[in-house]
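S.K.: Next come the chains, spelled out residue by residue.
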Amino acid sequence: RKEVEQDPGPFNVPEGATVAFNCTYSNSASQSFFWYRQDCRKEPKLLMSVYSSGNEDGRFTAQLNRASQYISLLIRDSKLSDSATYLCVVNVPSSKRFGAGTRLTVKP
Amino acid sequence: DTGVSQNPRHKITKRGQNVTFRCDPISEHNRLYWYRQTLGQGPEFLTYFQNEAQLEKSRLLSDRFSAERPKGSFSTLEIQRTEQGDSAMYLCASSLARPPTDTQYFGPGTRLTVL
Chain A
1 RKEVEQDPGP
11 FNVPEGATVA
21 FNCTYSNSAS
31 QSFFWYRQDC
41 RKEPKLLMSV
51 YSSGNEDGRF
61 TAQLNRASQY
71 ISLLIRDSKL
81 SDSATYLCVV
91 NVPSSKRFGA
101 GTRLTVKP
Chain B
109 DTGVSQNPRH
119 KITKRGQNVT
129 FRCDPISEHN
139 RLYWYRQTLG
149 QGPEFLTYFQ
159 NEAQLEKSRL
169 LSDRFSAERP
179 KGSFSTLEIQ
189 RTEQGDSAMY
199 LCASSLARPP
209 TDTQYFGPGT
219 RLTVL
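Residue numbers (the numbering used here), protein chains in the order written: chain A, 1 to 108; chain B, 109 to 223.
Among these hints, one or two may not hold up.
Claimed, not checked - To give an idea of the interface, some chain B residues facing chain A are shown, with a C-beta separation under 8 Å as derived from the structure: (1) 153; (2) 180; (3) 196; (4) 215; (5) 220; (6) 221.
Treat the hints as calculated values from the structure; they're not laboratory data.
A virtual CB, placed ideally from N, CA and C, is assigned to each residue, including glycine.
With these hints in hand, go ahead and build the complete structure from the sequences.
M.R.: If you want it as structure tokens, here you go:
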């Protein structure tokens, strides 16, 4: 079993749609969690950290469920510019583990 | 530009040659990470430094790979006797470790092609 698993995707949605991604992790010692965004042939860029209480940043909402060991990302009112691969990142002691990513394409 | 920089951006080499990549982190960051990414996969952790100390190495890092961060600033990643399977994007990231979070900022990567 991979340490971090994500929805396989790809997700193809129309503009304005709401889309949700899930990510599960296996290491119960995981300390912190992030969502990164990666555009084609570019480096990953931090989208948002994920806090236990859940957090929101504009159209993006992230949630963490430690008991079930998963995190989620919700994107509301999708824009064409949201098209990218979304990477789930889990901090384990002294290291980081990335999921394989979920590809999102937002279409007009 | 005060972000993470990596050089070269692209490297094409023949199998069996040695290559060296350089990463310059954000200046005040004390942690530096190396990752490898292949098409369709997320970045795979290779190794990381806190200041000049190399604190963890992945099992993925064979004996042909070595990384250094001699003065706790820039880092180099060397691959000896390259193989075609080494072809990938090599990403460097840096962070200012503040428990419990450790937000990493990535450089643009070095794309290695081994012929």
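S.K.: Look at each hint and say if it fits the structure.
M.R.: To see whether the hints hold, each was checked on the structure:
1. Hint status for residue 153/B: holds, given a least beta-carbon distance of 5 Å to chain A, under 8 Å.
2. Interface hint at residue 180/B: violated, since its Cβ lies 17 Å from the closest Cβ of chain A, which is beyond the 8 Å cut-off.
3. A distance limit of 8 Å between C-beta atoms decides the matter here; for residue 196/B the minimum to chain A is near 13 Å, and the interface restraint is violated.
4. A hinted interface residue such as residue 215/B counts as satisfied when its beta carbon comes closer than 8 Å to some beta carbon of chain A; here the least separation is about 6 Å, so the hint holds.
5. Evaluation of the residue 220/B hint against chain A yields a violated restraint, the C-beta minimum of about 14 Å exceeding 8 Å.
6. This hint is violated: residue 221/B has a C-beta 14 Å from the nearest C-beta of chain A, more than the 8 Å allowed.
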